[in-house]
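Chains as they are written, first to last, in numbering that gives the first Met the number 0: chain A, 0 to 826; chain B, 0 to 145; chain C, 0 to 129.
Hints in this document: simulated from the structure, not taken from any laboratory.
Warning: the hint list may mix true and false statements.
To be verified - Calculated pairs, BS3-like style, for lysine-lysine (alpha carbon to alpha carbon, straight line, at most 27 Å):
1) C:Lys61 with B:Lys98
2) A:Lys433 with A:Lys353
3) B:Lys109 with C:Lys61
4) B:Lys98 with B:Lys109
5) A:Lys23 with A:Lys98
6) A:Lys426 with A:Lys521
What the hints assert, rightly or not - Calculated from the model, a selection of chain A residues having no Cβ within reach of chain B, i.e. all distances over 12 Å:
7) Ser56
8) Gln520
9) Val757
Each residue gets a CB set at the ideal place from its N, CA and C atoms; glycine is no exception.
Residues per chain are reported as follows:
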Amino acid sequence: MLLAVLSVFAAAAVAPLVVRLSRKAAGWILATVPLGAFVFFIRQAGHVTHDGPLRESTPWFPAYDLPLTFYLDGLSLLFALLVTGIGTLIVVYAGGYLKHSDELGRFYVQLLSFMGAMLGLVLADNAIVFFIFFELTSLTSYLLIGFYHNEEDSRQAARKALVVTGAGGLALMAGLILLYQVTGTWEFSEMLAMGDTVVQSPLYVGIFILVCAGAFTKSAQFPFHFWLPAAMAGPTPVSAYLHSATMVKAGVFILARMHPVLGGTELWTTTLVAFGGFTMLMTAWLALRYTDLKQILAYTTTMVLGLLTMLLGVGTEEAIAAMVTFTLVHALYKGALFMLAGNIDHETGTRDLKELGGLRSAMPITMIGGLAAALSMSGIPPFFGFIGKEITYEAALHAGGWSTLILGASVLANAALVASGLLVGLKPFIGEIKGAFTREPHEAPLSMYLGPCVLGGLGLAIGLYPAFVDHSLLQSAQAGILQEPHELHLALWHGVNPALIASLITFAIGFAIYYGWERLQKSAVMGGFGRALGDAPGDGFERLLYELGRSSHTITRAFQTGQFRRYLLLIFTGTIVMVGGALLFEANLSWPSELGEVRYYEAALAGLVVLSALAAVRANDRFVAILALSIGGYSVALLYLLFGAPDLAMTQFSVETLTLILLVIVLIHLPNIDGYEPITSRVRDAVVAVGVGAIVTTVAFAALSFPLDRSVSEFMMQNSYTEAQGSNIVNVILVDFRGLDTMGEIIVLTMAALGVFVLMRMRRIRLPEILGTRLHSDDEPIRVDGDGETVPAGAEAGGAADQNGAEVHPDEPAGAEEAAPDDQSTS
Amino acid sequence: MIRSLILQIATRLLVPILLLFSIFMLLRGHNLPGGGFVGGLVAASAFVLYSLAVGVDGARRVLRLAPRTLLGTGLACSVGAGILSLATGASFLQSLWVKVPLPGLSDPLKLGSTLIFDIGVMFVVVGTVLLMVFSVEDRVPGLIDD
Amino acid sequence: MELILAVVSGTLFAASFYLLLRRNLLRFVIGIIILGNAVNLLIFTMGRLTREVPPVIPYGQKVIEGAYANPLPQALILTAIVISFGLLAFTLVLVYRNYTVSRTIDADRLTASEPEQDVDLHTQKKRLPA
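Required output: the full structure, derived from the provided sequences and hints.
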């Protein structure tokens, strides 16, 4: 199993290479990997259904006692088959759909990474491993939804999905940790038998709420349903795969996985039935608001997720049977229908029902595959969807106290589903060709109709011959959820029973909606309902994000005024408060008692250093300041010399000289130091500066009161000559003991030199718009020519660097300045 | 360029002495005060002085190598000294020593990979200072006009 | 003597920080230079002072007998001096280049990278997702 997961990730890694080798065949080649995994899981199926679950453990982080454990029971087998099977078709499909995209390679990397994550998620036994894969699906789906990253809508939808599912993931993690505290194990397979312990634990309610938060966000249950329709901004293969068959099912999957552990209580039933049922009913009808095929499909997806959640809540044997059956039904038809929508979009340029019609002759194969899926979705016999609906109604009828309500909601929701199915799968093909399409409609290539046809065909085949799956796959999935084996038998014809009658009512309402659809769309009730429940949560979320951003902006602005003097002042004040506070309250300061030996020339030099610094502070003429600085610097050099540091003295002398030269050359071209500042700010700064100085001195005193540990110096002295063949210990430290540090330092020097070089070399600096308003810059940006010679603008390429947010355009004709002022980001 | 005859003549005398002194500083650095940093600063000072007296272009001609080349050479020397150690099986930057007995001297001449490293440091320091000072002198009009 | 140099270093810190807080960028540059000396002097003092005995092993010996100046802070400071020069040169050139563009050496006008007006965060348009 580990190999299956890893092979998918490996395929993701080589995908760009494959795309580069053959753009046309890339989809087919890459599809072999999930196909192989699919075959692998098929081969395991017999084992799992007969002999029970498989478990596999590989050491991963032994230090943290975290193994990679995988667990294959009926439930994970069902999902693994869906992930790999539909995944195979999607990979092929994407090859056709994104044939002309330059970023097919990137797409495959993301898609296959997602597939690997999803596969890991359904197979994981260890809760931590599960969580890692769970988050990985959130991350990769973020990339996939935002695949068209230069579109605002895509980015926003991606962010929405990431924030919602990411936040839910965190809640889930907390829930899993609590679960660990109760059960004492991270392995799901061991938790499964401990349901009683968990349910009786005082933490049960907390665990339940947190797990539900994770599941509901991932599976787009009310009130988090808004992210899924928005996620349709991604490419259609993504919608077909993530938002029908896999990712959104992760929430349902974790609920199903947790059913033996957390299920069976009043809380579980009430919550899941209420949220699932409400989501189901609401989104089924919201789907009818839209004319965009993908939007309709997205809302019907949340409807099915609601249904599955509700069935898990009911939790009876029949309900779970219905849940696993419907999972398969839905995955088959929804994958096909999204691909159908993609084909129509791809071949006609639109997927708006208002513009679509009469495509039956242009796209016959797509129509056959899509229609089969649509009829399955509408639950029309003999398709598999009919069986799924019947068994759902059976489960609803025997759901106990709430059965009437559940049945009523199911019938109403399914009726809307019937209509939606016909709208998506039938309406685009019948009638007359309406408007002029942007492209001449024609049949999609094999890679793109293969998926719908296979999935649609399977829907029909299983409907006609349900024994193909019921005793094997679905029964063991049911057993995986319930933790006890039951007979699961599916059949098309159950005789005339209440479920059949409910089905007939469903069809009646469904067809009525289909024919009255356009009138329904225009009705005020539908509009109000859609705004209140469809748009409001998403808008509220956006509002929340916006307010969060704005308030954090306000808080940041309070501290970060954009003036670095303010930052420095804050830092200095913070130093005084914190270090000073620590000195006052924490440190047990003992002052050095004696001054030690002081020679008069040393004291004089020290005084000179202080005086020169004060002179530099007071100086109103830049050259006076430079002079004072130099005196101070040379005095420091002399101090080094007096206290046994000739190396330092020589270095300081040389550097002091070079500094002097550099200062004189540059400062002569800058205005004098004359800026008058109000006395208040000067006093304030002086107080802060003296405060920090006093703190430094105090810390130094405190440090001096402790004996110095010279063991390192002693070691270097001992080994300098014997080991490193050098008598000058300072030099030996620099080039030998700490040679790597010196190497770092010369690299820093090199960078500083190159920085100066580039700054002086760059020839024209274009200021952002924002600067232009606040600076006295001339209309024409200032230019500094290269190499001391005047070169016509645009003839020479200079260096480019960033300076205070100013942008540098080395070789652009002067006229281009005004022409393209907004290709830069300033914030 | 500062048009002063005295400075120009003095420079012609001083620069060779300073350069010689810088090499002396570099070589004795391992055993006595000195080393690559000091040597580099002294050598750089010599060229800066020359550029003040004769002009940047003149200094460039005398230097022959571009400061950037010095930077690269210096870094290459330093890294090379480290790699040399690696090549002989020692760890990165571990010092290697060769003792060459010299006729007439009691002590053998000790040559170490640290010398290569120190030469690299010196080159980088010279390159840094000269790249900075030259590019500033190039660009800043007025005081120094070639 | 350590105490005196500690006070000297503290004074240099105070002078430097005062200059760093000035509006005039030239004063800022001067502050940077003083800061380098302040830090170096502090490190030097913290390693304790030893008069006139450099950390050089006398010819013919393998180790230094008796007291010697602490080589460790010296090695630190030696590179720090050169690096300070690099920093100074870079700062100086930055100020100069900024001056050639904006014709100001007033620190309070350097707000381009963090403009004062609020950035409009709410730029999305309401459209049907594509």
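Legend entry - Given hint Lys109 (chain B) paired with Lys98 (chain B) - CA-CA distance at most 27 Å: holds (5 Å)
Inset, instruction - Starting from Lys109 (chain B), check that the Cα of Lys61 (chain C) is at most 27 Å away, please. - result: With a Cα-Cα distance of about 15 Å, the restraint between Lys109 (chain B) and Lys61 (chain C) holds, given a limit of 27 Å.
Inset, instruction - Measure nothing beyond the straight line between the CA atoms of Lys23 (chain A) and Lys98 (chain A); if it is 27 Å or shorter, mark the hint as holding. - result: Since the Cα atoms of Lys23 (chain A) and Lys98 (chain A) sit roughly 7 Å apart, the hinted pair holds (cutoff 27 Å).
Legend entry - Outside-interface status for Gln520 (chain A) - nearest CB in chain B farther than 12 Å: Consistent with the label, Gln520 (chain A) stays out of reach of chain B, its closest Cβ about 70 Å off (over 12 Å).
Legend entry - Satisfaction of hint between Lys353 (chain A) and Lys433 (chain A), Cα-Cα up to 27 Å: holds (8 Å)
Legend entry - Restraint check for Lys61 (chain C) with Lys98 (chain B), where alpha carbons must lie at most 27 Å apart: holds (17 Å)
Legend entry - Check on Ser56 (chain A) being off the interface with chain B, judged by Cβ distance over 12 Å: Non-interface label on Ser56 (chain A) holds, nearest chain B Cβ at 39 Å vs cutoff 12 Å.
Legend entry - Restraint check for Lys426 (chain A) with Lys521 (chain A), where alpha carbons must lie at most 27 Å apart: holds (18 Å)
Inset, instruction - May I ask you to check that Val757 (chain A) keeps its beta-carbon over 12 Å from the closest beta-carbon of chain B? - result: violated (9 Å)
In this structure, only the earlier hint numbered 9 is contradicted, and the remaining ones agree with it.
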